[in-house]
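Novice: Dock chain B against the given chain A, drawing on the hints supplied.
The listed protein sequences derive, respectively, from chains A and B. If you count the first sequence from 1, position 63 lands on 63 in the working numbering, and the numbers rise without skipping. If you count the second sequence from 1, position 64 lands on 64 in the working numbering, and the numbers rise without skipping.
These aren't lab readings, by the way, just hints derived from the structure by calculation. Treat the hints loosely; a few may be bogus.
Each computed DSS-like pair below joins lysine-lysine, with the alpha-carbon atoms no more than 25 angstroms apart [unchecked claim]:
id, chain 1, residue 1, chain 2, residue 2
1, A, Lys-7, A, Lys-23
2, B, Lys-34, A, Lys-30
3, A, Lys-34, A, Lys-51
4, A, Lys-30, A, Lys-51
5, A, Lys-15, B, Lys-30
6, A, Lys-51, B, Lys-7
7, A, Lys-23, B, Lys-23
8, B, Lys-23, A, Lys-15
9, A, Lys-23, B, Lys-15
10, B, Lys-51, B, Lys-30
11, A, Lys-15, B, Lys-51
12, B, Lys-23, B, Lys-7
13, A, Lys-23, B, Lys-30
14, A, Lys-30, B, Lys-15
15, A, Lys-7, B, Lys-51
16, B, Lys-15, A, Lys-51
17, B, Lys-15, A, Lys-15
Take a look at the letters that make up each chain.
Number of protein chains: 2
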Amino acid sequence: QDGDDGKEIYQSVCKNCHGPTGKGMASFPKLVGKGEEYLTQRLEAYRAGEKIGPNSALMMPLAEDLSDEDIASIVTYITTELE
Amino acid sequence: QDGDDGKEIYQSVCKNCHGPTGKGMASFPKLVGKGEEYLTQRLEAYRAGEKIGPNSALMMPLAEDLSDEDIASIVTYITTELE
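If we strip away everything but chain A, and leave its shape as in the complex, we get (with noise of 0.2 angstroms):
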């Protein structure tokens, strides 16, 4: 899995709140040492417009559009690139 597109969504979206190097901050939560299988269904969760968490309502539009390559490849550049 190529992780080109996951790092540029990461940078330009889920940094802002995740952090640099995804540790999180204030309440939004640390993004490595999650896994794969925990940040795939997150995102997946978000996408179909599931309240998960307190954040749902930001995430939900965040995560709205994105594909399951896209899915893929911004938790491949978290878990490969981040941790």
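Specialist: Positioned in the frame of chain A, the structure of chain B alone reads:
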């Protein structure tokens, strides 16, 4: 202008980054004191997909589905309830 929808949107989405009283946090700018016209123009620009600052990629999908009424209501809430 009724600010109830604006309050709901602010509290569920905007608050996560701009804070409960609109004072901002880290790279997320303060909203209070910016004025109705400025806030409206920013939200309209993000909704239109214009890159107008370093957090544009984050704000564009969040503003994308806002109606004119939503924007007016959010701005009213910020300028009357938070200031």
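Novice: Against each hint, give a clear statement of whether it holds in the structure.
Specialist: Structure-based check of all given hints:
This hinted pair checks out: Lys-7 of chain A and Lys-23 of chain A have alpha carbons roughly 16 angstroms apart, not beyond 25 angstroms. Taking the CA atoms of Lys-34 of chain B and Lys-30 of chain A, the gap is near 31 angstroms; set against the 25 angstroms cutoff, the hint is violated. For the hint pairing Lys-34 of chain A with Lys-51 of chain A, the CA-to-CA distance comes to about 19 angstroms; that is within 25 angstroms, so the pair holds. For the proposed pair Lys-30 of chain A and Lys-51 of chain A, the alpha carbon gap of about 19 angstroms is at most 25 angstroms, so the pair holds.
Annotation: proposed proximity of Lys-15 of chain A to Lys-30 of chain B holds, straight-line Cα distance about 19 angstroms (limit 25 angstroms). The straight-line distance between the Cα atoms of Lys-51 of chain A and Lys-7 of chain B is roughly 19 angstroms, inside the 25 angstroms bound, and the hint therefore holds. In summary, the hint linking Lys-23 of chain A to Lys-23 of chain B is supported, as the alpha carbons are separated by about 23 angstroms, within the 25 angstroms threshold. Taken as a hint, the Lys-23 of chain B and Lys-15 of chain A pair is honoured in the structure, with Cα atoms around 20 angstroms apart against an allowance of 25 angstroms.
For a cut-off of 25 angstroms, the pair hint linking Lys-23 of chain A to Lys-15 of chain B stands: about 20 angstroms separates their Cα positions. For the hint pairing Lys-51 of chain B with Lys-30 of chain B, the CA-to-CA distance comes to about 19 angstroms; that is within 25 angstroms, so the pair holds. With a C-alpha separation of about 17 angstroms, the suggested pairing of Lys-15 of chain A with Lys-51 of chain B holds against the 25 angstroms cut-off. Restraint check for Lys-23 of chain B and Lys-7 of chain B: the C-alpha separation of about 16 angstroms stays at or below 25 angstroms, so the hint holds.
Restraint check: the Cα-Cα separation between Lys-23 of chain A and Lys-30 of chain B comes to about 23 angstroms, which is no more than 25 angstroms; the hinted pair holds. A threshold of 25 angstroms between alpha carbons decides the hint, and for Lys-30 of chain A with Lys-15 of chain B the separation of about 19 angstroms falls inside it, so the pair holds. With a CA separation close to 19 angstroms, the supplied pair Lys-7 of chain A and Lys-51 of chain B stays within the 25 angstroms bound. With a CA separation close to 17 angstroms, the supplied pair Lys-15 of chain B and Lys-51 of chain A stays within the 25 angstroms bound.
A distance of roughly 18 angstroms separates the Cα atoms of Lys-15 of chain B and Lys-15 of chain A; the hinted pair therefore holds under the 25 angstroms criterion.
Of the numbered hints given earlier, the model fails hint 2 alone.
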